[in-house]
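Starting from the known structure of chain A, fit chain B onto it as the hints suggest.
Chains A and B supply the protein sequences, listed in that same order. Residue numbers for the first sequence, in the working numbering: 32 to 323. Residue numbers for the second sequence, in the working numbering: 5 to 327.
Hints are not guaranteed to be accurate.
[Said to hold, decoys possible] Quick list of the computed label-pair ranges, beta carbon to beta carbon:
hint	chain 1	residue 1	chain 2	residue 2	range
1	A	Gly218	B	Phe46	48 to 56 Å
2	A	Val75	B	Leu159	37 to 45 Å
3	B	Gln66	A	Gly177	27 to 35 Å
4	B	Arg322	A	Ala232	25 to 33 Å
5	B	Gly292	A	Tyr263	44 to 52 Å
6	A	Leu117	B	Phe156	47 to 55 Å
By construction, these hints were calculated from the structure, which means they are not laboratory data. We treat Cβ as the ideally placed atom computed from N, Cα and C, and that holds for glycine.
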Amino acid sequence: MSIAAINPANYARRRIFSAFMDMLCVLAAMVGLVLLALILLTLVQKGLEGMGLNVFTHAMRNTPGQGGGLANAIVGSLIQTGIGALIGAPLGIAVGVYLAEVGRTGRFASVVRFVNDILLSAPSILIGLFVYEILVVPHAPFLHGGFSGMAGAVALALLAMPVVARTTEDIIKLVPDAFREGSVALGARESVTIIRVVIPAAFGGILTGILLAVARISGETAPLIFTSFGSYGWSSDLWHPMASLPIAIYRYAAGVYDEHHRLAWAGALIITVAVLMLNIVSRVSHYLISKR
Amino acid sequence: MTAVPFENSRKLHLGESLFKILLYVAACVVLVTLAAILIILFVSGKDAFARFGIVGFLTTDQWDPVRDLYGAAAPIVGTLASAAIALAIAWPLGFGIAYFLTEICPRRLRAPLGIAIELLAAIPSIVYGMWGFFILAPFMSTSIEPWLTENFSWLPVLPNDMNPLWFWFQGAPVGVGLLTAGVVLAIMILPFIAATSRDVLLTTPQLLKDGGYAMGATRWEVLTGVVIPAVRGSLFGAVFLGLGRALGETMAVTFVIGNANRLPDGFFAPTASIASIVANTFPEADAGSMKLAALFALGFILFVVSFFVLALARLLLRQGRMA
Numbered sequence: 032m033s034i035a036a037i038n039p040a041n042y043a044r045r046r047i048f049s050a051f052m053d054m055l056c057v058l059a060a061m062v063g064l065v066l067l068a069l070i071l072l073t074l075v076q077k078g079l080e081g082m083g084l085n086v087f088t089h090a091m092r093n094t095p096g097q098g099g100g101l102a103n104a105i106v107g108s109l110i111q112t113g114i115g116a117l118i119g120a121p122l123g124i125a126v127g128v129y130l131a132e133v134g135r136t137g138r139f140a141s142v143v144r145f146v147n148d149i150l151l152s153a154p155s156i157l158i159g160l161f162v163y164e165i166l167v168v169p170h171a172p173f174l175h176g177g178f179s180g181m182a183g184a185v186a187l188a189l190l191a192m193p194v195v196a197r198t199t200e201d202i203i204k205l206v207p208d209a210f211r212e213g214s215v216a217l218g219a220r221e222s223v224t225i226i227r228v229v230i231p232a233a234f235g236g237i238l239t240g241i242l243l244a245v246a247r248i249s250g251e252t253a254p255l256i257f258t259s260f261g262s263y264g265w266s267s268d269l270w271h272p273m274a275s276l277p278i279a280i281y282r283y284a285a286g287v288y289d290e291h292h293r294l295a296w297a298g299a300l301i302i303t304v305a306v307l308m309l310n311i312v313s314r315v316s317h318y319l320i321s322k323r
Numbered sequence: 005m006t007a008v009p010f011e012n013s014r015k016l017h018l019g020e021s022l023f024k025i026l027l028y029v030a031a032c033v034v035l036v037t038l039a040a041i042l043i044i045l046f047v048s049g050k051d052a053f054a055r056f057g058i059v060g061f062l063t064t065d066q067w068d069p070v071r072d073l074y075g076a077a078a079p080i081v082g083t084l085a086s087a088a089i090a091l092a093i094a095w096p097l098g099f100g101i102a103y104f105l106t107e108i109c110p111r112r113l114r115a116p117l118g119i120a121i122e123l124l125a126a127i128p129s130i131v132y133g134m135w136g137f138f139i140l141a142p143f144m145s146t147s148i149e150p151w152l153t154e155n156f157s158w159l160p161v162l163p164n165d166m167n168p169l170w171f172w173f174q175g176a177p178v179g180v181g182l183l184t185a186g187v188v189l190a191i192m193i194l195p196f197i198a199a200t201s202r203d204v205l206l207t208t209p210q211l212l213k214d215g216g217y218a219m220g221a222t223r224w225e226v227l228t229g230v231v232i233p234a235v236r237g238s239l240f241g242a243v244f245l246g247l248g249r250a251l252g253e254t255m256a257v258t259f260v261i262g263n264a265n266r267l268p269d270g271f272f273a274p275t276a277s278i279a280s281i282v283a284n285t286f287p288e289a290d291a292g293s294m295k296l297a298a299l300f301a302l303g304f305i306l307f308v309v310s311f312f313v314l315a316l317a318r319l320l321l322r323q324g325r326m327a
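Same shape as in the complex, but just chain A (with noise of 0.2 Å):
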């Protein structure tokens, strides 16, 4: 239907028509925001009823009836999420800076622009073929093979990486050239100016996308498969295999003890929270960032 068609003698018809497509419409919002909502809801039902404090203070088990937790999966999450994003954040920053600053509009930095977008979804169970192929089989060119916790946090950077860089690169194109002017006028060399000048008044930005980042990465699961492994065990040697929150779900899920299905509830509700609560702090301190 185009424009030139409107025609007022058929207002009322078509007043009608488009109340009962606003109407669709709504009622599409409310099948899609009930049906997230459902699970949701059924994510809390069943979380809390695993939830104990033996889901905190207790290691996994291979067998049920033995009180297991997934406390060593908890930790063994926050170490990887944690140096994931220690190698993957600064990666992004440099990243990011180069494109807003250096780059720009060039040539060089619209490959890069183009490629980290592609980087930022493609399919992260690739990402966790890759880092197996150099870091884990047998003989691997890195490391010294075999699943760890560090080829674990490497794909999990690897992830970070194109987020932080993205994130980066809008908050700083934000900064208004007026800065970057008076610090040159100041006689401030390119380098001091970026990192006096326009990454402090971008800070808030940056630490904005890295929360975002280990949002992200803290609930990636397909990766983990063939990087980490997984481990019923404390393991907090990275050169082993290692626990992992969205793993440990993964398998207790995939089980047949009803008590494993509990307790695999019960990591999904934990992961939610953490992941919204990351979510909405940085969220939060982004809008009272850019209100200051």
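Here is chain B on its own, set in the frame of chain A:
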């Protein structure tokens, strides 16, 4: 701000050069990562391509570990079909939500509902997978699939070029299979498609819309006559981004697709997607085996397909930004 020491800016400065080189190296890491993933996946999977031939690997649907024969047809079809089902459900719903949030919804509710949708898009996919496995699959098995069989079994059976016939809604209502995987994927990408479509709709200038209203157009006519033509490319970009997610999703699918390595012969049939077969078969594939090579070859195929879908999405979205 502290004072900056005065220096001759034209003089080549070591720190300055080092800083720039560091940034440049970081940018190169991005390119190297993508290239390395492509190369590693191909090299690790090349044994499978070499043994079965590229065309042979793509078109055979056998997956026979005993005779060490592997083909990619079943997981490719499973991946494409489940993603297509997901889009068929999530696109209209997601667009409806986006339109609702930009035009219909009371102003005061727009921001909170929009944020809620964005938060839902951040929930890890394994949560959707678990929900699909424990809640949706039994429900599909006991209610929806029998209902579909009862009411739609008159749909004609399609003869297929390849061996199995296509039985729309017949077959055992096992609960896990192609349809359930499509539905779980749809629910998972719904908030994502809704949020990106909303961002796209919001880019239409208010002046354009007001022009439409001033000519006596109704709200729906403004949408179809003004807004959609103005942002059509970006809207497709948003959907392709969603498609890219659906194609490569692992956890939400692995739980509910049934993990049977064969071509689906109907919507209820358990089958496999590339991601699910890789996640599932990987633990039993020994290093250096043909099976592992086949899995890497599948990964390579998935990467190439995702690359083109995501590249198209980005190009469409970028075009929209300039308009």
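Structure-based check of each hint:
For Gly218 of chain A paired with Phe46 of chain B, a C-beta distance near 51 Å keeps the hint of 48 to 56 Å intact. Between Val75 of chain A and Leu159 of chain B, the C-beta spacing of about 39 Å keeps the proposed range 37 to 45 Å intact. Restraint check, Gln66 of chain B to Gly177 of chain A: a C-beta distance of roughly 32 Å satisfies the suggested window 27 to 35 Å. The hint said 25 to 33 Å for the Cβ distance between Arg322 of chain B and Ala232 of chain A, and at roughly 26 Å that hint holds.
The supplied range of 44 to 52 Å is broken by Gly292 of chain B and Tyr263 of chain A, whose beta-carbon atoms lie about 27 Å from each other. The given range of 47 to 55 Å is respected by Leu117 of chain A and Phe156 of chain B, whose C-beta atoms sit roughly 54 Å from each other.
Consistency with the previously given hints fails for number 5 only.
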